[in-house]
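J.: Chains as they are written, first to last, in this note's numbering: chain A, 5 to 372; chain B, 5 to 372; chain C, 5 to 372; chain D, 5 to 372.
Note that these hints are calculated values from the structure, not bench results. Check before you lean on any hint, since a few could be wrong.
Since the list gives no way to pick out one identical chain from another, each pair is judged satisfied if it fits inside one copy or across any two copies.
Each computed BS3-like pair below joins lysine-lysine, with the alpha-carbon atoms no more than 27 Å apart [claimed, not checked]:
| id | residue 1 | residue 2 |
| --- | --- | --- |
| 1 | Lys51 | Lys155 |
| 2 | Lys330 | Lys263 |
| 3 | Lys206 | Lys263 |
| 4 | Lys51 | Lys263 |
| 5 | Lys206 | Lys330 |
| 6 | Lys97 | Lys155 |
Protein chains: 4
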Amino acid sequence: MSLNTFGHLFRVTTWGESHGPALGATVDGCPPGVTLDEAMLQHWLDKRRPGQNKNTTQRQEPDQVRILSGTYEGVTTGTPIQLMIENTDQRSKDYSEIARTFRPGHADITYHMKYGRRDPRGGGRSSARETAARVAAGGVARAALAQLAPKLDIKGYMTRMGEMAIDRDAFDWDAIETNPFWIPQGPEIANEWESYLTAIRKDRNSVGGEIEIVARHAPAGLGAPVYGKLDTDLAAAMMSINAVKGVEIGEGMAAARLKGTENADEIFMGNDGQPVFSSNHAGGILGGISTGQDIVVRFAVKPTSSILTPRRSIRIDGSPTEVVTKGRHDPCVGIRAVPVGEAMMACVMLDHMLLHRGQVGEMGGRIG
Amino acid sequence: MSLNTFGHLFRVTTWGESHGPALGATVDGCPPGVTLDEAMLQHWLDKRRPGQNKNTTQRQEPDQVRILSGTYEGVTTGTPIQLMIENTDQRSKDYSEIARTFRPGHADITYHMKYGRRDPRGGGRSSARETAARVAAGGVARAALAQLAPKLDIKGYMTRMGEMAIDRDAFDWDAIETNPFWIPQGPEIANEWESYLTAIRKDRNSVGGEIEIVARHAPAGLGAPVYGKLDTDLAAAMMSINAVKGVEIGEGMAAARLKGTENADEIFMGNDGQPVFSSNHAGGILGGISTGQDIVVRFAVKPTSSILTPRRSIRIDGSPTEVVTKGRHDPCVGIRAVPVGEAMMACVMLDHMLLHRGQVGEMGGRIG
Amino acid sequence: MSLNTFGHLFRVTTWGESHGPALGATVDGCPPGVTLDEAMLQHWLDKRRPGQNKNTTQRQEPDQVRILSGTYEGVTTGTPIQLMIENTDQRSKDYSEIARTFRPGHADITYHMKYGRRDPRGGGRSSARETAARVAAGGVARAALAQLAPKLDIKGYMTRMGEMAIDRDAFDWDAIETNPFWIPQGPEIANEWESYLTAIRKDRNSVGGEIEIVARHAPAGLGAPVYGKLDTDLAAAMMSINAVKGVEIGEGMAAARLKGTENADEIFMGNDGQPVFSSNHAGGILGGISTGQDIVVRFAVKPTSSILTPRRSIRIDGSPTEVVTKGRHDPCVGIRAVPVGEAMMACVMLDHMLLHRGQVGEMGGRIG
Amino acid sequence: MSLNTFGHLFRVTTWGESHGPALGATVDGCPPGVTLDEAMLQHWLDKRRPGQNKNTTQRQEPDQVRILSGTYEGVTTGTPIQLMIENTDQRSKDYSEIARTFRPGHADITYHMKYGRRDPRGGGRSSARETAARVAAGGVARAALAQLAPKLDIKGYMTRMGEMAIDRDAFDWDAIETNPFWIPQGPEIANEWESYLTAIRKDRNSVGGEIEIVARHAPAGLGAPVYGKLDTDLAAAMMSINAVKGVEIGEGMAAARLKGTENADEIFMGNDGQPVFSSNHAGGILGGISTGQDIVVRFAVKPTSSILTPRRSIRIDGSPTEVVTKGRHDPCVGIRAVPVGEAMMACVMLDHMLLHRGQVGEMGGRIG
């Protein structure tokens, strides 16, 4: 991770501010020969797009992505892929008061402390809008993975929103796409979440969320000691998303409560000649390298700091003020973090597939 | 993070296997003019050293560190600092059975899956012994920080060990150094932890742990959007430590349960002309950049997988087997993770101080 | 250097193909607070722009650069700066024959060997058009340098074009801007070069060139052992320019012919309390670190491979063919390499100023 | 290149000072499964070792390399390989006068300007002794290349030493190993070089040299646009060697004198179904990617600055002084640069093979 770039061989640099002319991602190191067009990326951007229901901001962002380079006749050439999303919903307004006030819980004050200045329009670079560029880049990674690891399936869902948590005993993969929270639960539970969030919103408040991203049918042998670990890179990728405050692999923080006998994933030989495990406390990663089990990452997103309830703060000149958010904001940004987390997982998985192929080649060790 | 290297400008590459001739760290990018000698590093290594009480492995490792390069007359010259720790406690024994068996919960199987081979002696590169090199490198970072940010104070402590958790209302900074768990609690609580862990050990079991690392009096303005965030690098640094399964900043995973009104850190002007905050849910970082508050990182360490209770597993040829650990192992590796976490925090803080100075110079923005 | 990115802290990633929708540069790590607008960049792009006289290709490329991110109210914010140049002169035509033929001396065959495909339109990514993005990025570096090192002056000029070479005894700084070859010579010499090149062009041929870039009033202390040397990065920067086949620092290749007594730059104290040197065989760099003397880099550009004279080659299917370039091409691409080399020097100098400030701070060692 | 590290996937960090306890190289990213032992590395170190004849310094350096990590039972495991060479020939002496004097043509003054201090013992980090670590690392690269590209043959030789230059019409590959200059010429010519250098040495002088490194049977498709070019990395690798002032690929600086018709390498199909070229002006690289032809790199080494003839200089306090080198020094360091250049070529070639395999896989494009 290097300021605005992440990845080793599949390298993504995002750029752009919320209300500037455009934002996007410069994707370098993509394998050649990958089928790729704008519609494939738009699919994922539409999933992240706000304005789709009343629980995400009503700001209308068509988020049309354009591919400016790196493909020829619908196939990647191996050269940098420039993805650009023009900002069409820039409302011109007076930013003078916003520019001199620090919104609590936002990066306004830290950008000022670091750089001595900031773009105050819509949060500038620190806006969640930056994640649109990640989703676009993740679409490129998914396209490459579709060819390199066709069985690999990356899917995210919410596991918690404030007091609401999923029931793992009723986990339903097929339900994820049927509700606006991407929860793996039936419509009754989804309705409960809906009512809960509506109440939060009407109370001029916001709420945090927890998201789980799973990579099923992941290849074994991805990752590397000691700092290029797969879980290290996943932790960094998720923690780099706006408002994320915690990242877990497998058991996560709960591992601190477990005994060795409880945490052990015992190993057997499966019928197909591949090792199988009695459980997956490890989240699919041992010693920083994937085991072939599902890779399970979870992260927490803090409640949106922009709320309609007044909060005390200061201005650049040190004078006290009160900040009340007006306008369009998500009562739970965690919802839109689901496709963002998926995109980051896709980028990390592709990057580590290329890294592995680079150092080791196609073959690893055999068992049995 | 690049395989075995971490850091942007202050770059640490650790090398070495548990039972090879030596292990160590190659430290590049250290500022010149830093007072540094082996005794300063040994201080931190002694803190991590096993064999100090019955709750850490009885293996005797003097862990004597040597500085092979990069200093002249006790001062750093700006060139690479090579730190070497010779492995003196290598018992020669027959590794042929260990070499063909995969211990559950260890990296044995994944190293094999990736590389087709591994050094089976004492876990090779995946041994927790690698963290000695981190602690040595962290000692270099601390020495540089002592000159660049003399007020900065980095301290770690356990917050949980299985069912035992600290009482935050009785938090006592001064108690941390007085007990073998580095808990911020008085001797009675420490005795309870001792009894608890003794029971775990006698039960041939192990237990996880949770560690919190705090950087007090940290400079504001460290970190950078969007992937060079301070919390991104801290998450990666902690997740890269052996057996770590989760990382939290400030509220961490609990942020998913909070409402916006609960999570807000309101801002005021302090008497010394610096901003103060009503609380520190953010853990000292907003938008990836430090606020000047305490930086608070927490991570969970899974229970040691090497336990004296038999676990089922397989051999390289796919045949089933049972693994029982013999010999010296920690019932809670989380204890020794405290100085390791401190070392990683020190490295990240120094790295970001240099990065900030590089891009922005000595000055940031003023308030008031 | 990482595929399409160069630089350590001031990092430039160029992207785009000759005949795609656009090309540009993603500039990360620029200091905040730098005055920057599109006109400042356009100044340098206009210097590189073809179609200005009959010795550069007649292709009309307005090369209008847009700043899409990273500035606010005409000042850099410290976030990534996206520079985009739309390709307006894309002639739609039939590329099917070009797509299956390898032009001798071009990257057509190697891109195919590596990637299995390429964008055949105008040379795609391997076109000299990519250097427009470098010049734009160099403009950003120059703007930052104007604030960080106001005395620093970076200037390039041709020293040779085929049989024509400059007369160093008649070196005239002020003449550089007065002729289309940027030679430091009076109009009579420039006319001779003009006649020479006209003859080459009429002969359906092309010719190589040698360019020298000098950084005057460069700070001492830039660079680092052993691979982050200033001359290492300059060599890489210049060699990465299309068609460059050699790079020299100071005496360059001629150093192989010299004796120690001839090559020595003796050292004295100057009247202003700074060291002065009896000569500058070293080109301003000793041990990879700048001395404070002029930094002198020279590079050779091969003759344009696209010539109107038929050359034998093969097609993708292995069949023999003859290639004759039609249309607009430079008889000497070395001319336009002058502003490109200046841009690369500017980027390297800024990068090393930031690197130095990061590791060492503002102060180095004093003499006297 | 990052201060003391070079390479993308095969990463080498050298460390150590001339007269410190040891120096060496940390090699990260080596493929697993490579047969490697100390004797294989010693072979190359012995080639570089001084004290072998009267034209290289008489300092006795056994240069015994030890492998401290990264191999098990004589095979690489994929983890970092630490190579250490202890400095056994450290003469204790009084460095106080040397420490306050800047030797002309050395890095003494620039290290002081940058860092405010330096290790004065034997030139410290800037000593040519650092190249021993490169040669050791190059030995690792050669061992990996022997398995990945068994036909690849990397060989260096001198092409010029002051007024002496090789006769390319009498080029004799088999003669290279038969004379102390590694020139591809018969014994009569070697004797002439010997007499020439003896005269230089007796005259208390030194002389520069030019070295050519050729990689024969190199795979096509290595390298990448635009900054990860194979020639860019080769230029950086060679320029990073002590005392190198110029680097050329193929025609090199002479390309500036050529016409397009003279420089063209025409393409044909060979009898084995691979493309062949009419000539190799390109030095085996087009557009930054290898063509499958011989890769030809040439570099110039300046004459040793340490000569027995007095040179004027200054001390740290600014006072004038005269420097006369005493003791053991090479009259032509270019001779020992031959194995160093070979080592750098080996590292770059392996790195690009891994990079290519990472991004593209085993296959590139077919012709015919």
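J.: Does each hint hold? Answer for all of them.
T.: Status of the hints after comparison with the structure:
1. Proximity of Lys51 and Lys155 under a CA criterion of 27 Å is satisfied intra-copy only: 22 Å inside one chain copy versus 47 Å between copies.
2. Proximity of Lys330 to Lys263 under the C-alpha cut-off of 27 Å is restricted to the inter-copy arrangement: shortest distance 18 Å between copies versus 49 Å within a copy.
3. Taking the shortest Cα distances, Lys206 and Lys263 sit within 27 Å of each other only across copies (13 Å), while inside one copy they are farther apart (44 Å).
4. In this homomeric assembly, Lys51 and Lys263 come within 27 Å of each other (Cα to Cα) only across copies, at 25 Å, whereas the closest approach inside a single copy is 40 Å.
5. Taking CA atoms no more than 27 Å apart as the test, Lys206 paired with Lys330 passes inside one copy only; the shortest distance there is 14 Å, against 60 Å between copies.
6. In the homo-oligomer, the alpha carbons of Lys97 and Lys155 never lie at most 27 Å apart, since the shortest distance is 49 Å inside one protomer and 40 Å across protomers.
In this structure, the one hint that does not hold is number 6.
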